[in-house]
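S.K.: Sequence:
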Amino acid sequence: VGVSRSGTAFTITASAGGSITSAVSAAFDVRQFPASIWSASAGGQNGLVGTTLAEDFVARVIDAASDPIPGDSVVFKVWSGSGSLAGGGRSAADSVVVLTDAQGLARVRLTLPSTPGEVVVIAWPVRNAVPTTYFSASATAAERQLEFVTQPSTAAVGSAISPAVQVRVRDASGTTDAK
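Just so you know, we're using the numbering used here here: the sequence shown kicks off at 1 and counts up by one.
Hints may contain errors.
[Unchecked claim] Pairs of lysine to aspartate or glutamate residues, derived as DMTMM-like cross-links and limited to a Cα-Cα distance of at most 20 Å, are as follows:
| # | residue 1 | residue 2 |
| --- | --- | --- |
| 1 | Lys-77 | Glu-118 |
| 2 | Lys-77 | Glu-55 |
| 3 | Lys-77 | Asp-94 |
| 4 | Lys-77 | Asp-56 |
Hint data in this document are derived by calculation from the structure and do not stem from the laboratory.
On a predicted model such as this, the values are computed, not experimentally measured, just so you know.
Assemble the whole structure, with the sequences as input and the hints as a guide.
M.R.: Okay, here's the thing in C-alpha cells:
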C-alpha cells in the first residue's frame, strides 16, 4: 500500500469479499519529505551593533516536486560570529526551531552582537539535515553622534533658556565625551 500525495485524514479500507466484514483503518496523515531548503530572503544585511535587523531571514522548504512543505520544523543557528535569533519557536542560546507556514517559509529575526563583525546563520529542516542554506549579516559600529543631555525648555523672548541646554557626543561603544 502506498500513497502518492500528501494530506491529512487518509484511511485504508481492507476487504476480502464473501462473508468477511471489511475494516477501515484509523485516520492518518501523509507528510512530504523535505528535499531542499533555500534562502527566500536577501542576505548581506547590515546594521548597527546591538540592533535587530530590519528584515527577517527567510528559508523555504520544498519537496522533490518543488511544492512547499507547510508545518515542517526548521533549525536556524548562528554558525559564526555572535548574535541572537528570535522566531517564535523553541530556542537555545544560539539557535531557534521554527515551523514553516502554508508557503513552506520559516522566518527568524537576528539581533546583531554588541561588537562589529560578520554573522553567519545556517538553516536546515529537522527531518533532513542536508542540504543547508546560509544567511549573512554585518554588525557595524555607529559613528559618533550627538545627543541631548538637557532638553530645551520654554523661555521668554530675549531671555536665556534655563536650565542650560546640554549636548554630548556618544560613540558606538556608548562612551560619551564631555558636555
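S.K.: Taking the earlier hints as the rules, which of them does this structure contradict?
M.R.: none
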